[in-house]
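K.L.:
The sequence shown: position 184 = 175 (my numbering), numbered continuously.
Some clues are possibly wrong.
25 Å max Cα-Cα, derived PhoX-like pairs, lysine-lysine [to be verified]:
#	residue 1	residue 2
1	K136	K200
2	K242	K161
3	K136	K161
4	K59	K(-6)
5	K136	K151
6	K333	K357
In case anyone wonders, no lab produced these hints; they're calculated from the structure.
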Amino acid sequence: MSKGNTIILLVLLAVVIVGGVYLYVYKPNMEEVDTIQAEVDTLQARYDELYAKSQDKQKYIDETKEFKDAFQKQLTVFPATLDQEISVMFVKGINKDEGDRQFVVQSVGLGRPEQFYALGAAAPVDGTADAAAEAAATATYTAYKAAFPITYSGSYEGIKEYVDYVMNYKYRMNIDSLNITYDSELDVYTGSLSMNAYCVAGADREADKIAVDVKNGVANIFLGGDGAASPATYAYDSDNGASLASNNDIKIVLNNANNDNTDGIIVSSGGSDTYVTSGENSVETLTITIAEEDGKNFVTYAIGDKSYKKEITSADLKIYVESSARVDSSDTNGVKVTVDNKTSVPVFFKVSGDDSTSPRFSVGSKSGTVKVY
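Let the sequences and hints guide you as you build the complete structure.
P.N.:
As structure tokens, this is what we get:
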């Protein structure tokens, strides 16, 4: 081989060696260097970010505590559960029978709690039960709501007070819908409403506890168990209270308020000096209070600011109600009686002559033994 060819071969071999070193040594190492440098740049940027934040470390600690406290405070607006016992006690609390503030729940549906949000997790996208359960599994707290459909009757002031009661209740609730129908003859508002209640459940949350002193497991749900009151009979049962017409302590006369002779409502216990009357063509609240003073029992009957008080000298209080049929559609007066009996004296009413379709006489709240014939 000539010297020139040898030089050419050596040059070609050197080119191959250099090319192999570039392809299999230099290039991979440079790519690795670029990768490492990219990681360094990313870590440096993260370091710079964290370092800048570290300058406000105490600020973040204080704000985190502040936000956690605010969150826990907001949780107190919601109960931990929506137990039906608690719901029943709430419904019991909205019933009112206080003068012109009347609100009586006639029926209520206790809604089943339904999950609608999971705190601490993303909201389920498709809204299915599986998606909601998956979100709840990773959540710290789970929010539920229940609907309460209610039918009611009452006064305008009573409805307004119910709205205030719900809005100012210790737990978050809202009225979803409210329908009102007014009966101008009886001056009574009736209707239906739908109310939503909410709760937030979590491992660190405790359910409210209510104390209901009622014995369970009685033989007869109508008569009760040990210590419950037994069915009682009274001396006026034999004639369905007819004797109270002539033998009574208080007499209530109910007539058309538009007549020209007397007031539509007259309550008396003797002469005219014992009269408590009303000439209003509306349903008036008659409050009868029985209380003990200095070892004696007294009864006070009142309509508005008019009242009369007398001693009860017998073992019971007998009240005769002499009512009448309504004359026409403009005849709308009557009484709603509230009995506040703070003694053991039984109270008996006998009602006669009342209008069969639109009674003038009705009994609202009562305490103690009260029987109406």
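K.L.:
Determine for every hint whether it applies to the structure shown.
P.N.:
Hints and how they fare:
no.: 1; hint: K136 x K200; in the structure: holds (19 Å)
no.: 2; hint: K242 x K161; in the structure: violated (45 Å)
no.: 3; hint: K136 x K161; in the structure: holds (16 Å)
no.: 4; hint: K59 x K(-6); in the structure: violated (88 Å)
no.: 5; hint: K136 x K151; in the structure: holds (24 Å)
no.: 6; hint: K333 x K357; in the structure: holds (10 Å)
Checked against the numbered hints given earlier, the structure breaks hints 2, 4 and satisfies all the rest.
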